[in-house]
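Protein chains in written order, with my numbering: chain V, 2 to 347; chain C, 2 to 347; chain F, 2 to 347; chain W, 2 to 347.
Do not rely on the hints blindly, as some may be mistaken.
Pairs count within a copy or across copies, as identical chains cannot be separated in the list.
Said to hold, decoys possible - Below are the SDA-like pairs computed for lysine to any residue, each with C-alpha atoms no more than 20 Å apart in a straight line:
hint, residue 1, residue 2
1, K77, L221
2, K226, R45
3, K77, N218
4, K134, A327
5, K332, N27
6, K126, V108
7, K126, N9
8, K77, P135
9, K296, H194
10, K77, K223
11, K77, K222
12, K257, N338
13, K126, D224
14, K223, N55
15, K251, L303
16, K126, F307
17, K223, L28
18, K121, W310
19, K222, E283
20, K251, I343
21, K163, I4
22, K134, N295
23, K163, D285
24, K77, S91
The hints are simulated quantities; they were obtained by calculation from the structure and are not laboratory data.
Protein chains: 4
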Amino acid sequence: MIIHSFTNDYSEGCHPSILQALTESNLIQQSGYGDDAYTLSAIRSIRNKIGDDNAEVHLISGGTLTNLLVLASILKPFESVIAAQTGHISTHETGAIEATGHKIEEVFTSDGKLTPELIKPVLNKFPEYHTVKPRVVYISNSTEIGTIYNKKELTDLSEFCKENDLILFMDGARLPSALTAASNDLTLADVAHLTDVFYIGGTKSGALLGEAVVITNDTLKKDFKYHQKQRGAMMAKGRAIGIQFDQLLKDDLIFKLAAHANTLATKIRNTVEELGYSFLTESDSNQIFPILPNKVIDKLILKYGFYIWEPVDADNSAIRMVTSWATPEDKVNLFINDLKEISKLW
Amino acid sequence: MIIHSFTNDYSEGCHPSILQALTESNLIQQSGYGDDAYTLSAIRSIRNKIGDDNAEVHLISGGTLTNLLVLASILKPFESVIAAQTGHISTHETGAIEATGHKIEEVFTSDGKLTPELIKPVLNKFPEYHTVKPRVVYISNSTEIGTIYNKKELTDLSEFCKENDLILFMDGARLPSALTAASNDLTLADVAHLTDVFYIGGTKSGALLGEAVVITNDTLKKDFKYHQKQRGAMMAKGRAIGIQFDQLLKDDLIFKLAAHANTLATKIRNTVEELGYSFLTESDSNQIFPILPNKVIDKLILKYGFYIWEPVDADNSAIRMVTSWATPEDKVNLFINDLKEISKLW
Amino acid sequence: MIIHSFTNDYSEGCHPSILQALTESNLIQQSGYGDDAYTLSAIRSIRNKIGDDNAEVHLISGGTLTNLLVLASILKPFESVIAAQTGHISTHETGAIEATGHKIEEVFTSDGKLTPELIKPVLNKFPEYHTVKPRVVYISNSTEIGTIYNKKELTDLSEFCKENDLILFMDGARLPSALTAASNDLTLADVAHLTDVFYIGGTKSGALLGEAVVITNDTLKKDFKYHQKQRGAMMAKGRAIGIQFDQLLKDDLIFKLAAHANTLATKIRNTVEELGYSFLTESDSNQIFPILPNKVIDKLILKYGFYIWEPVDADNSAIRMVTSWATPEDKVNLFINDLKEISKLW
Amino acid sequence: MIIHSFTNDYSEGCHPSILQALTESNLIQQSGYGDDAYTLSAIRSIRNKIGDDNAEVHLISGGTLTNLLVLASILKPFESVIAAQTGHISTHETGAIEATGHKIEEVFTSDGKLTPELIKPVLNKFPEYHTVKPRVVYISNSTEIGTIYNKKELTDLSEFCKENDLILFMDGARLPSALTAASNDLTLADVAHLTDVFYIGGTKSGALLGEAVVITNDTLKKDFKYHQKQRGAMMAKGRAIGIQFDQLLKDDLIFKLAAHANTLATKIRNTVEELGYSFLTESDSNQIFPILPNKVIDKLILKYGFYIWEPVDADNSAIRMVTSWATPEDKVNLFINDLKEISKLW
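Extracted from the complex, chain V is given alone in its bound form (with noise of 0.2 Å):
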């Protein structure tokens, strides 16, 4: 019997002023295709907490369609996108990027997060005309191993790509989880003026669906919306999602889910400090993943759902855990409890 699920970030529905909003504003009729009053309010939202009124913004149904239709609306059919070898894109996707007809070309960096000098070599490239031309970074916000940007890192790379006329796009399907870590020094703000085009996650910060593109750059603003109808990505009840991200905007709801997240997470994280275990990466964001002996894994996995993310050695393997603006405090005591259980018995 499953206690509760550690597993991901995505196992529950969504916070009941949605449900609330969606049951209030059922029978109203509004415009398709993203026209519609929430969809609009959400938008306005959204450029008030950037200070950018012309920022463009759309509301797309999840991650993987948000990034492939991003960068096909960038990329000239030469051109490619520079990526950590652990970016969602270059891993979890199926080739949603190649099969828009772009390469990765990815970077090994060990903390999931790209820098100048990782970048730098792969813009020397020769000779002309015979290998594609790098016109993208791809990094997320947090990465899919916990970890986030400082403020310094992201105006570093902002800069660099600047200078070698690169587009800085910044995948944030945990984005609210990024900014409400405890090491965070980054603000909403901040990261749309540092970017061309990052966007907000909504499926894993407390929406049904949905994640909200937000381009900051001119030039890439001009027919998006062909684009997102191309692909499949402009939904006719688009007040779906607009009704979702209005709620999550208001008093800043989506970042205080993810710090409820985050604190949890947190909990866990110092408990397995306490115990004198290591992780595998350094998180202070929703994701952690602790080194555990097989021995206490073996247990847990009975009580608590969690990936079993990569062996470390013989007897300890990586564990990956995630919180949720959902999980309830008193799971995360009973799950510190039983890992204290546990690993006295050794």
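Fit chains C, F and W to the given chain V structure using the hints.
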């Protein structure tokens, strides 16, 4: 001040039972990516309804995404899809099918429906290798102009496709309306039996979003989920569509809602006929195309929403009126009265 | 025993001066990928001939590869190309253009030529974002059915395209034949001036292989070589095409060869007319489409190669006869005599 | 003044016997698109040589076009190709494979060759549906850095591929050089038997252009010509390549020419060794990568053409030298003498 919009069938939210089910299930943890209990229940309902336990069922967020996904999963690079010139993929999907690399061979047909006779000339290709190879026949039921296929027509088409090694794919964005039209003699099981793959539209039939793809041809089933993930069509919270179809399929709710829409469209149609007006197309589904004097249209449009479809002559135009599960009968009555009053003026 | 084949204009090798030039230059070391001296000389010849020192010229191995390369280099994902239903890209390239992701919007035209009037309806799209956006107009000169554009027609088309922000692209696989037809009033410089990009066909005009793409519109020049390499259209030994165009452009050899082909086609055409037969299309280029009694065709085909194009009525069919730079006049004379003799029989 | 260029193996034209054959056959009328007598004769020669009467053979104009065509014809949208990080498709084809929609999974290998051990980790994918599915293993023989596969290595790879349902595709742009290298123990028949599809490079082995694709796996044969036409890889005058392979295959001319190139490369290699220099890679094919002092390189490059491949340390760099069927022995002797003289200076 607009009294009511008959512009389309996606102006409202969803049937209240869906909101209730979303609320009740909200905090129950479920697997992601379509492996949740609600999706599995919805799949069972569809299999029961069509009497095919081996049918593959996948829930997709919207119609264009479904069309491009299904066709990209079937067609080899040099194969084409045959469609009516009025087909949704031919006209209103921003080249989504071509963007997956495939030619649509468009056939002119006045009633939006394909027949073996219309398809035959397309198969007559020459010389070998220099032309695309037709592989799929795409039809819509109801069509984009409100007409529906009867059992004889669909059977003829089905047999012709089998004889010519063609896959028959039905876009069922408005299938519930077609199957509940007064003149319909097809069952859902017939549709499943006579096509190789089809879908049941949720978005236009009472859901917030979602189309249920049903694959009955064994050769098309393998690896569909790879295609689904690659095209961005696999939602993390698959439950968000699963719950909706699970509700809509209970007690044939989806068909009851469609019948409601058809009844109201028929009520308007009868009035139009009584007043001596004609129609652009013959339709007893939820989309009708009355031809009205421009003078009448100019008055009506001040109070009701609808599309002015196309001019018919100097003084008359066809309009498109669409009813839905959410259309209130009293608003239809108001419209009918207004139409009668205005028509008296001349 | 077939005396001579008039089936197409690519049945023989190449003009002997090309073989001589290949032999003389054979062991001279040259740069690869189109940077050899012969290619550069050919480019200079074309630039001189059209009076445009800034024209970009690229040599490509064949027509389909050229068409897909040029269009893929111009079109954004959601943009389309408008072409005649008889256009080579529409019918005989196995979906090559769609395979690059783009829709061809086919326009019906009885003489294979496009006009502003034929294009206008295609531009009238609605609603925004839901349809492809026409961007290129593709024409062939001579067309696939032997007709040619005159200066007035091409000028009208050119102006219309400029007014509507459309790129005009001429497939010139048989351009030398068009420009040397008796009724032609266009120069190569006119073609360069009135289009944005066009090509001069080598394969059908005396070369073993090769088409010379000429880009005069500045906005289309950048990065073309990236597209060229990506599509497999940049030959390591670019000299192999360079030498051929270098020879064909000396003393207008390519046009003299085309004039020879036209003269012989006209000779056949005149006989057909004298004998009281008609034609499927009006052509004074090197492709003619006589309509002959099936009884005559049955006799002729025992001695001569040609396509039976299509039945015209129960007793008569159109055939396609093609002459080339290599067609011997004595074989044409034999054909003419045989046609006269056979026609006398009935 | 450059005495001779060793920059690549495509600086000259073609073997004189090809020019003679082109001349002799020039006015003989032949069918187009690869159905000519010369192509058919070349196909028979290859089938005889590999002892497989059912092998499908197609002649393509160049290497990149061949690679993208073969891979696009095999791979389903979600399938990937595994290649060495140094593979031509990985580095020097401007994203040609990705432009057909497929991911290349690049494997690091120091000698340019793949082994089962290197491939195994790529096959270990998780979770299902979320990653591409590896389907083809692409290898080059000789590799891009001059190394070759021996029979044991190719057999191991072949067996591994069969066990894992992977297609083995050999890029043979320099296959004749590989098969005539001193250390080679593979025959052309071995290659045909151990791979599913491979090609024999003509461009770098004495032809003006052309690669001969040989498909031995029955499941890959069907409809190849449709793919060929669609990618612009079916030449109207197929004879232009057919004649060349027909000549090159007579009396094993292509292998004699390759042996000539290898002998001269070995002569240079021996001198480099005698002088105490080392190499970047171990090669007895026609590409060698000596590591020379920069001071020596600076002198040599005034008289000979070659690539400076990469710096090895502050004072030394690897260069790439390539010999070909056309390399004159006396130029090699001059180079050797100069290398000896220059090396004495320090």
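Exercise for the section: With 20 Å as the alpha-carbon cut-off, assign the pair K222 and E283 to within, between, both or neither. Expected result: So K222 and E283 fail the 20 Å test inside a copy (36 Å) and across (42 Å) alike.
Exercise for the section: Please work out whether the CA atoms of K251 and I343 approach to 20 Å or closer within one copy, between two copies, in both situations, or in neither? Expected result: neither (42 Å within a copy, 46 Å between copies)
Practice task
Have a look at K226 and R45 and pick one of within, between, both or neither, based on CA distance no larger than 20 Å.
Solution key: within (18 Å within a copy, 36 Å between copies)
Exercise for the section: Classify it for me, K163 with D285: is the Cα-Cα distance of at most 20 Å met within a copy, between copies, both or neither? Expected result: neither (29 Å within a copy, 46 Å between copies)
Exercise for the section: Go through the copies and call it for K223 and L28: within, between, both or neither, with a Cα cutoff of 20 Å. Expected result: Answer is neither; intra-copy 33 Å and inter-copy 40 Å both fail.
Handout entry: Intra/inter-copy verdict for K121 and W310 if alpha-carbon distance must be at most 20 Å
Key = Classified as between; 19 Å across copies, 30 Å inside a copy.
Exercise for the section: Pop the pair K77 and K222 into one bin, within, between, both or neither, using alpha-carbon distances up to 20 Å. Expected result: both (15 Å within a copy, 14 Å between copies)
Handout entry: Same-copy or cross-copy closeness of K257 to N338 [CA-CA at most 20 Å]
Key = neither (26 Å within a copy, 52 Å between copies)
Practice task
Please work out whether the CA atoms of K77 and K223 approach to 20 Å or closer within one copy, between two copies, in both situations, or in neither?
Solution key: both (15 Å within a copy, 12 Å between copies)
Practice task
Could you place K332 and N27 in one of the four classes (within, between, both, neither) given a Cα distance threshold of 20 Å?
Solution key: Between copies only: 17 Å across, 34 Å inside.
Practice task
Could you figure out if K126 and N9 sit no more than 20 Å apart (CA to CA) within one copy, between two copies, both or neither?
Solution key: between (39 Å within a copy, 19 Å between copies)
Handout entry: Up to 20 Å CA-CA - N295 versus K134, copy category
Key = neither (45 Å within a copy, 30 Å between copies)
Going down the numbered hints, you'll see the structure goes against 4, 9, 12, 15, 17, 19, 20, 21, 22, 23, while the others check out.
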